[in-house]
Structure formats: C-alpha cells, structure tokens
Amino acid sequence: MSKKVSALDMPDVPMGQLPEHLNRQRTRVTCNADAPIHTDAVHYSGAYSLMGVDNSMGLEKFSKNFKVEIVRLSEDEIEFDMIGIDASLANAFRRILIAEIPTMAIEKVLMVNNTSLIADEVLSHRLGLIPLDADPRLFEYLSENDVPNERNTIVYKLEVSCKKDSPRNTVKTNQLKWLPNGSELEMATLDKSAKVKSYTSFSCSQDSLPEISKKPLGVKHDDIIIAKLGPGQAIELEAHAVKGIGKVHAKWSPVASAWYRMLPEVVLLTEVKGQDAEKLVNKCPVNVFDIEDLGHGDKKAIVANPRACTLCRECIRGVNEELVELGRVKHHFIFTIESTGALSPEELFIEAVKILEEKCDRLLSELS
Amino acid sequence: MEGILLFAMEHGSLSDLSASTFSLMDEDHTLANSVRFTLNQENMDSSVVDCMGCVLRHNFYAYDMLTVRPRVVFCGYSIPHPSDNKVNIRVQTTGTISSSLSDPAKDVLKDALENLTQMCQHVRSTFGKTVDDFKVKNQ
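If you read the protein sequences in the order shown, they are chains X and B. Position 189 of the first sequence, counting from 1, maps to 189 under the numbering used here, and the rest follow consecutively. Position 67 of the second sequence, counting from 1, maps to 67 under the numbering used here, and the rest follow consecutively.
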C-alpha cells in the first residue's frame, strides 16, 4: 500500500490518456437523427485531473496547435479554416465582425428639394444603406458636441431631375457626388451682417489629405438604384456620412455577413457494398459519398467529400440499420467573411481580433 | 458615486478575496464567454506549486496524481437583463490556506485577460502570415 494507484489506471488505458469514448465526447459533436449530443465543450482544465489527463488549453498548447488554412481569397470574400481554437473565441470574432467594426455610412441628410414619389425619410433610409468606399480607420467618431470637420465627416451631394416630356429616369449611386470641400449649404441666421456659416467646418479640402488623395471617396457600387423620377420631378440633397458601428444600426456593419461552421465528419460504420452503396450515394444531395470499384463488378461506398455535408440527415433518415454516423469536429471552424467593400475581408478579420484585444486591455486597466 | 460611469465593479467580501462577482458595463457575450473560457484554463505554474505543494497535500489525498492544479473552482457569467448593457462574471478560486497564500479572484481574472490578449495576438500573427503566404503563392 506504499504507492496509491488510481482505479482508472487500467493496462489498456494508460495514465495520461483519455479512453476512446471520452475523447470522442470531448472532441466531437455527434449528430443523431433527432438532435445533436455532446454539444457543450469541456472547458475546465481540471475536468479529467483524477485520470491524470490535462485538459487545459493554455497559451503554450494553443500556440503549438493553432493553425489557419485559407481555402479561398478574393477581393470581397474569404473562406478559411481555423484549427485548434475554441468556439467561444470563434463566436467572439464573428460577433465583432458583424457588430463592432466601425464603418462609414450616411447619417444626416439635408433635403433641399424632393418632389419625387419617394418620401424624404424613405429616401434618407436608402441613402444610409449604401456601402461607401471609405476606409474608416482614417476618420474619427463624431459625437453630439463635436463640430463636423474634414476628419469626421464625408459630404455627398445628389442633384438630379427629370425634364418634362422626357421618359422616367432612374437615379443610381453613380450620381452621388463627393464634395471634398465640405457642405455647400448655408445655415440660416437672423443676423444678416454675420459671416455665413455652412453645416460643416472643413479647414482644408479632403483630397489634400495624404491618405485620401490616393483614392477618391465614393460609393462602392455604381449601379444601386436610389430612386426613380417621373417627368417634372427633382431631388436635391446633401448627405453627411459619419463613422459608426453595427451595434447602433446595421448600415454600419462592414460584412454582408460573416459566419462559421464546424468541420463535418462522416463515418461509415459498416462496409456498404453493391446496391446499398448506390442507394447511399444517390441519397446525399451534396455528393458526400462516392463509389469505389473493387474489381469484379464489386463496389463499395466511401466518404469522398465530408466537408460538403450540410447535415440534411438524408443518409440516416428512415434506415433500419445504422450505416453512417454524422458528427462535427469541435475545434475546427470553417469561417466565411463577405465584405461590403470598405475594408478587404482579411483586414476585417485582423481588425476584429484587434478589437477583442482592446476590450481585454480596457478591462485590465479598469481592474488595476 | 453618481455621475461616474465605472466600466467594472467588483462585488465581494473584504475578508475573503477568493470569490467575487465582477460587474462590467458595456459588455456582452462577446467578451464574457471568451473570458470564461480562459478562466477555465487558469492553472498554477510549477514554481507556485512547489512552495504550496507541501501545504496543499493535506487537503488533496490524491494530489500526487494531479498533473493539473487549477486555480478556479467556479467561473461563469450572466446577463441580468438584456436591455441593460451589463455582464456579471463570477470567479471563485482555490487556494485559501491563509490570507497570505490566498489567490484573489481579481488576480485570476487579470491573468485570464492577459492570456486572452496573448491568444488574440497569436491568432492575428498566424492569420497575417498565412494570408501573406497565400497571396504570394497565388499571385
């Protein structure tokens, strides 16, 4: 009785390793016909401590195991795999991508003349949703008491009309003109002798600023329809764009959504041959399975493309014996980010990670 | 304390610093769930264990076999009301032999936040490197 031995230290399950079924529970979500099981992650570092297994995912382990693989990268969209990260972090990045990365969008619309069929507020709402091609990192936030200047506002003008006896015309976003010198409208004052003030106070023209002069600030897409004008109708307005985040209004969200899914894992429990194999391959709408010829007219089913599985469960629906087991790998996420255009998708993800770091830093400084 | 908007408040007992609730303003599941994850990973490193090991051995009979010495007994978060922008994070730590050897909840939370920051930096650098390699490969 000099050395205490754990009751769990059996010869086929050595100390320091989890038994097969527990490891499966820890790393996979099993998707049964009615519902998925083992969906919550076992986070606690001491969860299996009595078995001598270290469940912690501390910084060293994380740094060693973390991997990123890029599947697709274009100007507007990125699809990449993040391996070795927990769902809480992946979800945090997704939430920040949707709601907390700042963008520029039209907020104030000064209507001079609107005789079109679209009401003022509906037209302003539409203008707010137009994606602008402006890097929000070059601008500052505009709060209640601030004066709108070249550092926090972008001014656009829309002046269109449809002549009488001409057919109906369409107002598209390419008719929104950028005014680098600021607002051209004058504020009404009772004092006639005072200097005329405009709605913004630009101290210098925006295209003299070094970062902005490289690329003029416009709209991202030229062919978005804003309104339609019949003969004799006109629109004259000035729109001011400011910096904001998606939490306040969805117009400031920089992604045309960002989402992730876990890597699917499809396992054939038995060998499926011949006619059954054909049936199984035909059941799947996304061609997860494929036929492998074994020679002599013999064929069996194999899992060719598990990544395409959408969990429609056709392969396990209404079957008597279980041929397939569907599951999801817990720490492997397939992220897709579609950008609306102001920032490229890879820059968006890096900004999202930076924002999470800033939140931690802010909390750390509050606690110290 | 009216008129001062504090981002974080700690509610706990002054005599027992090992358990407290941190009430954060302007936060939601984004930060709270990530911090809960890193709090669960908080372990004592070996240097601390050696000096505390002899004392703690009395409490944990199976201590020889524990390869992991977690610092938290309980950690969780809740959002009291979805309309208020507040999150309550509760941290309860192990290690309360005497007040000189106790592990205050505030310190554990601070270490967890440091870890989270470093994890984020690692994610950022790995992602940046992978994107650059991909761009070079696919011109």
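Think of the hints as simulated: they come from the structure by calculation, not from any bench. Keep in mind the model is a prediction, meaning the values are calculated, not measured. Take the hints with a grain of salt, since some may be wrong.
What the simulated footprint calls covered on chain B by chain X, stretch by stretch (three residues with Cβ under 8 Å from a Cβ of chain X suffice, anywhere in the stretch; the number is not a length) [unchecked claim]:
(1) 83 to 90
(2) 119 to 125
(3) 128 to 139
Glycine residues also receive a C-beta, built at the ideal position from the N, C-alpha and C atoms.
Requested in this report: Could you check the structure against the hints above and give me the numbers of any it violates, in ascending order?
Outcome: Result: hint 1 breaks, nothing else.
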